[in-house]
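Top line first, the protein sequences correspond to chains A and B.
Sequential numbering of the first sequence, starting at 1, is according to my numbering.
Sequential numbering of the second sequence, starting at 1, is according to my numbering.
If you are wondering where the hints come from, they were derived from the structure by calculation, not from laboratory data.
Incorrect hints may appear among the rest.
[Claimed, not checked] Okay, the calculated bits of chain B under chain A, using three or more residues with CB under 8 angstroms as the criterion: (1) 62-74; (2) 81-88.
[Claimed, not checked] Cross-link-like lysine-lysine pairs, in silico, BS3-like; alpha carbons within 30 angstroms at most: (3) A:K559 to B:K312; (4) B:K15 to A:K559; (5) B:K72 to A:K574; (6) A:K567 to B:K281; (7) B:K31 to A:K569; (8) B:K330 to A:K565; (9) B:K104 to A:K569; (10) B:K31 to A:K559; (11) B:K72 to A:K569; (12) A:K324 to A:K299; (13) B:K14 to A:K569; (14) B:K72 to A:K565; (15) B:K355 to A:K565; (16) B:K166 to A:K559; (17) A:K565 to B:K306; (18) A:K567 to B:K104; (19) A:K567 to B:K14; (20) A:K567 to B:K31; (21) B:K31 to A:K574.
[To be verified] Computed beta-carbon distance windows for the label pairs: (22) B:H111 to A:T614: 26 to 34 angstroms; (23) B:Q224 to A:R474: 41 to 49 angstroms; (24) A:K511 to B:P123: 54 to 62 angstroms; (25) A:G233 to B:Q118: 33 to 41 angstroms.
Keep in mind the model is a prediction, meaning the values are calculated, not measured.
Glycine included, every Cβ here is placed at the ideal spot set by N, Cα and C.
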Amino acid sequence: MGKKKDSASDTEDTESKSSAPRATPEPVAKRPAAVKPAERVTAVEMGARQREISVSEFFTKNRHLLGFDNPRKALLTCVKEAVDNALDACEEAGILPDVTVKLEVVSNGGPVAPSQANRFRVTVTDNGPGIVRQQIPRIFAKLLYGSKFHRLRMSRGQQGIGISAAGMYGQLTTGKPVRIISRIGPKAAAHFFEVQIDTKKNEPLVHENKQIDWEQPRGTQVTLEVEGKYQKGRASVDEWLEQTSIANPHVKLIYGTPEGETKEYPRTYHELPPQPREIKPHPYGIEFGMLLKMLQDTKSHTLSGFLAADFCRVSPQLADEICKAAKVSPEAKPRELKGPVAETLYKTLQETKIMAPPTNCISPIGEKAILAGLYKQIKGEFYTAVSRPPAVYRGNPFIIEAGLAYGNRPQDQNKPQQPAMPKAEGEHEEEDSELARVIRYANRVPLLYQQSACSTFKAVLSTSWRNYGLTQSRGAIPGGPMVIFVHMASVWVPFTSESKEAIADYDEIQKEITLALRECGRRLGLFIRRRERAASEFRRRNIFELYIEEVVEACNRLKGGTLPKQKLKEQLQKIATSRTGGQKTDEALGKTGTGPEGLPHSIIVTADGVEGETALATQVESSQGVVASPVEPDLLGKPSPSDKPASKGKTTKSSRAKHPPKKTTAQSDQARLFSGDSKTTKKSSGKPARSAKTAVSRKSK
Amino acid sequence: MTTTKTKKTTPVEKKLIGLADIVIQSAERSKDPTFQIPIRALSNVSFNERKGLIEMGSKKQERSFFNVGMAKRFMQTVLVADALSELQRADLTTSLREIYYRTKHTIKDSHENTFDAQDESDPVIEDLEVSLATLREELHVSAENRGSIVGPVIFGDDGDRVDCSKLGKGGYSVPSIVEPEYLEIRRCTADFLLLVEKGTQWNRLSEDKFWRRYNCILLTGNGQPPRGVRRLACRLHEEHRLPVYVLVDNDPWGYYIYSVVKQGSINLAFESQRMAIPKAKFVGLSSADPERYELPRNVGIKLNEKDIARAKELLNYQWFQKPAWQAEIKRMLASGLKYELDALANKDFQYLTKKYLPRKLKEKDWLD
Ligand SMILES: Nc1ncnc2c1ncn2[C@@H]1O[C@H](COP(=O)(O)OP(=O)(O)O)[C@@H](O)[C@H]1O
Ligand SMILES: [Mg+2]
């Protein structure tokens, strides 16, 4: 935004926008974890340094980049920004999130049907840590003001431009201010704010500010009034919330639809995801411009010191070696490194063998949680989930997770068949030819647009699902009642464009997705084959059992009705069982109650019950039955008013033990630059192109 | 169709009950109940050159209950046997179609029908005919009345006197069961019998009173003659020494119809004895006729692939090995054309009656 313009990087700026170059993370100007408020102040100061430009002009120009291209998408973006913030805040504070989303039609006259309405009130309420009073106006009424932008850390915040952009959109389309209620704890007061943006200065205008009574002991509520269009189906608010709930089974989500219905997505997984860690950039993950900027920003006085301190996986010894190879003095002043020398340094960095970045900075959803999410939201008969080990693309660690939900629940299968109509000549059973559905996520946030451009989707197409017993036309989505889940978790998700709707297909990413899908497919194939084998034996026996009745009756009539029918029937049934695999078929059909073998992290639902991760399934089901989840206090320890990390000592097996929750709230309050956020081009362009101007502009004094 | 007769347990009924006994005894011994069914296919027939008949061999197939591929057929066989024995007890005669409806129902607790179409029950009835060595009429199952007869012959049918010379041009509809108990030949003064493939040509000949002029019986089965027609021709041939001439289209199917009348069919080889007329002659249409009778090429029809394949099959049948027949079929193949009897109308509507047949008979221009 405004900031860009004050930097020396105008040219890069335009370039970056027009050609959508790949963006890379902001380097973390690694500051010692200082006091939070101090950092925010830094950002505020930075804000003050910014040159004034018309925010509304910028906004209008860049609407499409920010997800406000059309009224329908804009409504979704508003919900998304608010929910993402709620979830990020809760998770960072170690609170199991309870989020309520409410959509209401606003009409300036009589009642309007939601599908006809063009104005909505969006209210999102969370039980998160709340926001300190002084920060509220700036967070909600100052563009590019946030806590997450500057960190190389996995968070949802990568999506969209932030809540203030949503507020801006509301303001431009309806003229209404953003209303906020926030409370940081039961002992603190709840504050009510009404704020708008001064579109000339990009500064908050506070219309209303008072203390109020609020029933919640802690949390935040945001209300936006926006122009929008509500339409169900693909890429709708409803779909987004549903998918969010699948990938975030630790969230309790209540959704009040514009029609006045209340949909509940209960919490089915009672552990918070492990806290992701921040990392320093890896030399492979930066582009030249970024290096220049880092050289300017560093606190180190020597080049080797800079390399060792500002990058991960560069030891002082390695730093010296790099300097030597690049023919620069290790003692050189970083700030003075420019031109060809800097270029040589950059090349050398890329050519030097450097250990891959640490991967413990990523917090995957986890197989169990994915299973719980899928099981909760999708009615199927087979579920499986795979979390790949961490991998690295262009110096950025990432984890791919995939899952499948397949089939129809046995009880649902039977339903439409109930009225057993005798078939007339020429009548046959109809088969349906539905295609699988792919649901995609980046850092737990559903991606609803640009499916076909997405690496995940391409990997689904290139997987040979036929090998796993599914139908698939050439280069198409496999057929069958199936949902394919793919999640990429990374400190930096490379999107194909600034609208952040599709993941770029780097070879490394593609490979990981494919491997995850194959493993899911393999398990599905195993399940399908096993079920088919059992079913065919069962069918055989069934056939015999069906026909025995007929044959016995006919024989009886032939014998003039004098036959001991029951005896003949039993004799024949005995022969049938002994000729059709006997007990073995019962076992394969799961009739004996033993679970499936060779299917890790899977749930199988049969007419007789659930197999596999049964404990998980039971847990999901019990959660669904209960509105206010009773399990929550258990995980949180005593339900305490403080926002103590919830996981401490409670979760045993969870990898969280390895990452003690760190309370990193605000690293540095930073303005987020549209252009620098996360732009990515295809792998063809070689090294990730960090947009230098972002960084430069951000830091330049 | 109902016929009344009085009997105790008929021999046929006993045979049918025998099937139930097979099931009961096998079950008793924990054995898979199995029926032995003679194979009705080319692989199980042989041509008895001396008798001039196709005879059924002794190959049998097993139909077992506890075999997925056969279970349904097995069940269907028992159901049909049950229906047939019901007919015996009630002393009723019925049609193939009614047997199908009688035995069709949806199996309890399922969506499956015992039979989905009549083409599933018809072969089962034939299976039983062969396995139990009974005739279809003995099973009290009739086919459609698909045949007409006209000429100097008098039948007794259910006590009625049927004089086929006094039935106008429509003639008498041949019943499907023509065994002596059902149909009596009271008097026959004809000199020969002409079996015509197609109803249209039979109509032409009947309308033109060809039978009166040549003192013959005109018989048709409207295509492949049904059993009643074949059996009646056979009885007239055997009981009244009528020579039998066959008039069919000039195509492989026509040849085959002739061969069925003459030697019997592969499918019903077990009935050849009662049905076949080894002395029957083929009067036409021959592949030599177009030339001899100057039929223009443009009334011919190009042989299609199926025709050609079928003709080649016929060339291999034992009963088509006579040199004259090999020449006949090869001539058709060489010409690449087939001709319908109807094509004779190209010359004159009455060409068949007035020119073609008279000349054929005069010249004794036929194949054996
Ligand atoms: N519901 C909330 N609870 C607590 N803090 C919040 C909430 N919403 C926003 N914030 C704070 O406000 C900042 C700005 O949010 P936003 O404009 O959406 O940008 P981003 O999420 O990308 O950082 C967040 O980084 C967070 O620190
Ligand atoms: Mg945000």
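Cross-check of the supplied hints:
With 6 residues having a Cβ less than 8 angstroms from any Cβ of chain A, the stretch 62-74 of chain B passes the three-residue criterion, so the hint holds. Interface restraint, the stretch 81-88 of chain B with chain A: holds (4 residues with C-beta to C-beta distance below 8 angstroms; minimum three). A distance of roughly 49 angstroms separates the Cα atoms of K559 (chain A) and K312 (chain B); the hinted pair therefore is violated under the 30 angstroms criterion. Between K15 (chain B) and K559 (chain A), the direct Cα distance comes to roughly 12 angstroms. Compliance with the 30 angstroms bound is thereby established for this hinted pair.
With a C-alpha separation of about 18 angstroms, the suggested pairing of K72 (chain B) with K574 (chain A) holds against the 30 angstroms cut-off. For the hint pairing K567 (chain A) with K281 (chain B), the CA-to-CA distance comes to about 59 angstroms; that exceeds 30 angstroms, so the pair is violated. Proximity of K31 (chain B) to K569 (chain A) is assessed by CA-CA distance (about 14 angstroms); at most 30 angstroms being required, the pair is judged to hold. Restraint check for K330 (chain B) and K565 (chain A): not satisfied, since their Cα atoms lie roughly 61 angstroms apart, outside the 30 angstroms limit.
Distance restraint check for K104 (chain B) and K569 (chain A): the Cα-Cα separation of roughly 21 angstroms lies within the 30 angstroms cut-off, and the hinted pair is therefore satisfied. The suggested pairing of K31 (chain B) with K559 (chain A) holds, with an alpha-carbon distance near 20 angstroms, which does not exceed 30 angstroms. For the proposed pair K72 (chain B) and K569 (chain A), the alpha carbon gap of about 17 angstroms is at most 30 angstroms, so the pair holds. Of the pairs offered as hints, the one joining K324 (chain A) and K299 (chain A) holds, with about 21 angstroms between alpha carbons and a cut-off of 30 angstroms not exceeded.
At roughly 23 angstroms between alpha-carbon atoms, K14 (chain B) and K569 (chain A) fall within 30 angstroms of each other, so this suggested pair holds. Between K72 (chain B) and K565 (chain A), the direct Cα distance comes to roughly 20 angstroms. Compliance with the 30 angstroms bound is thereby established for this hinted pair. About 70 angstroms separates the Cα atoms of K355 (chain B) and K565 (chain A), which puts this hinted pair outside 30 angstroms; it is violated. For the hint pairing K166 (chain B) with K559 (chain A), the CA-to-CA distance comes to about 49 angstroms; that exceeds 30 angstroms, so the pair is violated.
At most 30 angstroms may separate the alpha-carbon atoms for a hinted pair to count; K565 (chain A) and K306 (chain B) exceed this at roughly 51 angstroms. Using a Cα cut-off of 30 angstroms, the hinted pair K567 (chain A) and K104 (chain B) holds, with the two alpha carbons roughly 26 angstroms apart. Restraint check for K567 (chain A) and K14 (chain B): satisfied, since their Cα atoms lie roughly 23 angstroms apart, inside the 30 angstroms limit. With a C-alpha separation of about 15 angstroms, the suggested pair K567 (chain A) and K31 (chain B) falls inside the 30 angstroms cut-off, and the hint holds.
Taking the CA atoms of K31 (chain B) and K574 (chain A), the gap is about 10 angstroms. The hint holds against a cut of 30 angstroms. Taking the beta carbon of each, H111 (chain B) and T614 (chain A) are about 32 angstroms apart, inside 26 to 34 angstroms as hinted. The supplied range of 41 to 49 angstroms is met by Q224 (chain B) and R474 (chain A), whose beta-carbon atoms lie about 47 angstroms from each other. Hint check: K511 (chain A) to P123 (chain B), Cβ distance near 58 angstroms, so the stated range 54 to 62 angstroms holds.
Separated by about 48 angstroms at the C-beta atoms, G233 (chain A) and Q118 (chain B) break the suggested range of 33 to 41 angstroms.
The structure does not agree with the numbered hints 3, 6, 8, 15, 16, 17 and 25 stated previously, though it agrees with the rest.
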